[in-house]
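A.B. asks: Residues per chain, in single letters:
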Amino acid sequence: MLEVRNIDVAYGDVQVIWDVSFRVGQGEIVAMIGANGAGKSTIMRTVSGVLRPGKGQILLAGEPIHTVEPYTLIEKGLAHVPEARRLFPEMSVEENLDMGSLRGRARKERARTKERVFSIFPRLSERRRQASGTLSGGEQQMLAIGRGLMALPRLIMFDEPSLGLAPILVQDIFNVIRTVRDEGMTVLIVEQNVRQTLALCDRAYVLENGRITQEGAGADLLRDPHVKAAYLGV
Amino acid sequence: MKNNLVPLVVLAVLAGLPLLGLNSYVMHILILSIMWTLAGMAWNLLGGYCGQVSFGHAAFFGMGAYSAGLIHLHLGLSPWWGFLVSLPLVALVALAMGSVVLRLRGPYFVLATLAIGEVLRITCENLTDFTKGTLGIMITRTWVEKTQYYYIILGLALLGFMVCRAIVHSRWGYYFVAIREDQDAAESMGIDTTRYKTIALTVSAMLTGLAGAFYTNYMGYIDPGVVFSLGEISILIIMVVMVGGVATQWGPALGAGIMVILAEYIRSLPLIGVAYQTMFGVLLIVIIIYLPNGLVGDWPVLRRKLLRRGATA
Ligand SMILES: Nc1ncnc2c1ncn2[C@@H]1O[C@H](COP(=O)(O)OP(=O)(O)OP(=O)(O)O)[C@@H](O)[C@H]1O
Ligand SMILES: [Mg+2]
Numbered sequence: 001m002l003e004v005r006n007i008d009v010a011y012g013d014v015q016v017i018w019d020v021s022f023r024v025g026q027g028e029i030v031a032m033i034g035a036n037g038a039g040k041s042t043i044m045r046t047v048s049g050v051l052r053p054g055k056g057q058i059l060l061a062g063e064p065i066h067t068v069e070p071y072t073l074i075e076k077g078l079a080h081v082p083e084a085r086r087l088f089p090e091m092s093v094e095e096n097l098d099m100g101s102l103r104g105r106a107r108k109e110r111a112r113t114k115e116r117v118f119s120i121f122p123r124l125s126e127r128r129r130q131a132s133g134t135l136s137g138g139e140q141q142m143l144a145i146g147r148g149l150m151a152l153p154r155l156i157m158f159d160e161p162s163l164g165l166a167p168i169l170v171q172d173i174f175n176v177i178r179t180v181r182d183e184g185m186t187v188l189i190v191e192q193n194v195r196q197t198l199a200l201c202d203r204a205y206v207l208e209n210g211r212i213t214q215e216g217a218g219a220d221l222l223r224d225p226h227v228k229a230a231y232l233g234v
Numbered sequence: 001m002k003n004n005l006v007p008l009v010v011l012a013v014l015a016g017l018p019l020l021g022l023n024s025y026v027m028h029i030l031i032l033s034i035m036w037t038l039a040g041m042a043w044n045l046l047g048g049y050c051g052q053v054s055f056g057h058a059a060f061f062g063m064g065a066y067s068a069g070l071i072h073l074h075l076g077l078s079p080w081w082g083f084l085v086s087l088p089l090v091a092l093v094a095l096a097m098g099s100v101v102l103r104l105r106g107p108y109f110v111l112a113t114l115a116i117g118e119v120l121r122i123t124c125e126n127l128t129d130f131t132k133g134t135l136g137i138m139i140t141r142t143w144v145e146k147t148q149y150y151y152i153i154l155g156l157a158l159l160g161f162m163v164c165r166a167i168v169h170s171r172w173g174y175y176f177v178a179i180r181e182d183q184d185a186a187e188s189m190g191i192d193t194t195r196y197k198t199i200a201l202t203v204s205a206m207l208t209g210l211a212g213a214f215y216t217n218y219m220g221y222i223d224p225g226v227v228f229s230l231g232e233i234s235i236l237i238i239m240v241v242m243v244g245g246v247a248t249q250w251g252p253a254l255g256a257g258i259m260v261i262l263a264e265y266i267r268s269l270p271l272i273g274v275a276y277q278t279m280f281g282v283l284l285i286v287i288i289i290y291l292p293n294g295l296v297g298d299w300p301v302l303r304r305k306l307l308r309r310g311a312t313a
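As given, the protein sequences belong to chains F and L, one line each in that order.
Mapping to my numbering: the first sequence position 64 is 64, numbers consecutive.
Mapping to my numbering: the second sequence position 233 is 233, numbers consecutive.
Just chain F, with the same shape it has in the complex (with noise of 0.2 Å):
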């Protein structure tokens, strides 16, 4: 589903991604662990095209996604949650939503995958006419995950989606992510919370220093001791 072929990144003169090559295949869950700065976000928004890798590609579905503009992508099937919500404060909840749905068949499914996304999260059906800045937290984290549920993408990227939230929520939002890939959404996750995620996912990357230094199945990555001490705390 999505392929990323020896990209490199860099803010102005400062790479900070070097030479990472992964891929998630249809229907799989797969994380990415590292510690604070290790580019885990700075792949995420360089795969959505906010950033241009200087060299490598990224091909959705086999398609060269690093060229083209990034407005595009959502079309394309290409959903991102990004870090730190990035709601549009003044708009109200129920507006945020159709912001996630503005093309193609997302448009036409709206009111449908609107229902659902209350149904998952009926706090933010309650609060459907009120403005997403003024909503908590958590609240703001369901409706940036509900609003790129919106756009019926093939591939759903969270960047952190557990990010202060409860930990009866955080369950609650593995619960969610778990739903969605049933139903046949591809999954790409960054996360802090190392244990829970690896439990959740199909496989997992380690990204250190930007660059990749180990891959495997979840449930390897769990029980390997450099990962144990490096990010379990064990």
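FYI, nobody ran anything at the bench for these hints, they're computed from the structure.
Treat the hints loosely; a few may be bogus.
Unchecked claim - Some chain L residues close to chain F (C-beta under 10 Å, calculated; not the full set):
hint: 1; residue: R180
hint: 2; residue: I191
hint: 3; residue: T193
hint: 4; residue: T194
What the hints assert, rightly or not - Restricting the straight-line Cα-Cα distance to at most 20 Å, the calculated cross-link-like pairs of lysine to aspartate or glutamate (EDC-like) are:
hint: 5; chain 1: F; residue 1: K76; chain 2: F; residue 2: E109
hint: 6; chain 1: F; residue 1: K228; chain 2: F; residue 2: E208
hint: 7; chain 1: F; residue 1: K108; chain 2: F; residue 2: E94
hint: 8; chain 1: F; residue 1: K76; chain 2: L; residue 2: D184
hint: 9; chain 1: F; residue 1: K76; chain 2: L; residue 2: D192
hint: 10; chain 1: F; residue 1: K55; chain 2: F; residue 2: D13
Said to hold, decoys possible - Cβ pair distances, simulated, as ranges:
hint: 11; chain 1: L; residue 1: V144; chain 2: F; residue 2: G133; range: 51 to 57 Å
hint: 12; chain 1: F; residue 1: R105; chain 2: L; residue 2: N126; range: 53 to 59 Å
hint: 13; chain 1: F; residue 1: K108; chain 2: L; residue 2: V301; range: 38 to 44 Å
hint: 14; chain 1: L; residue 1: L306; chain 2: F; residue 2: G37; range: 48 to 54 Å
hint: 15; chain 1: L; residue 1: V9; chain 2: F; residue 2: S92; range: 25 to 31 Å
Glycine included, every Cβ here is placed at the ideal spot set by N, Cα and C.
Given the coordinates of chain F, assemble chain L with the ligands onto it according to the supplied hints.
C.D. replies: Same frame as chain F, but now just chain L with the ligands:
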């Protein structure tokens, strides 16, 4: 229902005003206020709704003004044709400018707007064969009376009001706001941000050009130092919107009325009068600090404060 009624009532009142037999000075103030309302609404579409701050709307105002002046000077046409001539001209410049600088992130757009106003002023001052340079262009005004001008600018402002209102309530309006609030997020929602910013700029510029073309016809005289002025046009347009209310429907009208009256008043003061641009600068800073959303935008806050003061007194 109520929302549709308000503009009609306002329009009826404004249309009726000249019937009161107001003196020509009051009519002049009204005409200027409405003209600045038009320019303010135009700026607001781009700066208020789409979040792209322009420090160079004098460029479009001046192009409108010179469209009217130049067709008269060179082709002997009535300067009223300036409206029609200005539209494609201004649109073309805005489109070209948008597709180049709106692509870039960061302060490029602001700087480019600042530059284009000044570049056009200097060009106009130096192309003396074509524009008569700093001598300016004089036309013969069509009417001595103010009433006709009043209805013409009222009609133009109404057009501007309806165009802005229609856009703000359409899909475009939502795209503009999304771009203002988070451009990257808007882009990843599938909004071609360069394209919609360019649309906002172009519509905004065209409406501003109409105000400029009206200015020539009404004032009868233009020169580059006035119609391309940073202080008297570009900044004044921003002030109109900031004072009245950014991204509000009625803000520009209120702001225009206040600014025109204030400008007249300050200019009439002995000694301080000459420093009125400085006073505007100070006022702008005060507004940004205390009423960042303008009088209309911060009205709920303002009312609460006034009520509280009333209650304790
Ligand atoms: N806009 C930027 N300009 C310059 N450097 C940046 C920018 N954004 C990120 N960086 C740098 O790039 C590196 C990777 O940042 P990135 O945000 O991708 O890390 P991350 O793995 O997502 O971290 P976290 O877990 O804290 O979110 C960091 O060293 C960071 O300082
Ligand atoms: Mg990050």
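A.B. asks: Now tell me if each hint is right for this structure.
C.D. replies: Here is how each hint holds up against the structure:
1. R180: holds, 9 Å
2. I191: Check passed: Cβ of I191(L) comes within 6 Å of chain F, closer than 10 Å.
3. T193: Cβ of T193(L) sits 7 Å from chain F, so the hint holds.
4. T194: For T194(L), the interface hint holds, since the closest Cβ of chain F sits about 8 Å away, which is under 10 Å.
5. K76(F) / E109(F): Holds, at roughly 16 Å.
6. K228(F) / E208(F): Within the cut-off at roughly 15 Å; holds.
7. K108(F) / E94(F): Satisfied, since the Cα-Cα distance of roughly 16 Å is no more than 20 Å.
8. K76(F) / D184(L): Distance of about 17 Å is within 20 Å: holds.
9. K76(F) / D192(L): holds, 14 Å
10. K55(F) / D13(F): holds, 14 Å
11. V144(L) / G133(F): 51 to 57 Å: holds, 54 Å
12. R105(F) / N126(L): 53 to 59 Å: The hint (53 to 59 Å, Cβ to Cβ) holds, given that R105(F) and N126(L) are roughly 56 Å apart.
13. K108(F) / V301(L): 38 to 44 Å: holds, 42 Å
14. L306(L) / G37(F): 48 to 54 Å: Since the Cβ atoms of L306(L) and G37(F) sit about 50 Å apart, the hinted range of 48 to 54 Å holds.
15. V9(L) / S92(F): 25 to 31 Å: holds, 29 Å
The structure is consistent with each of the numbered hints, conforming to all of them.
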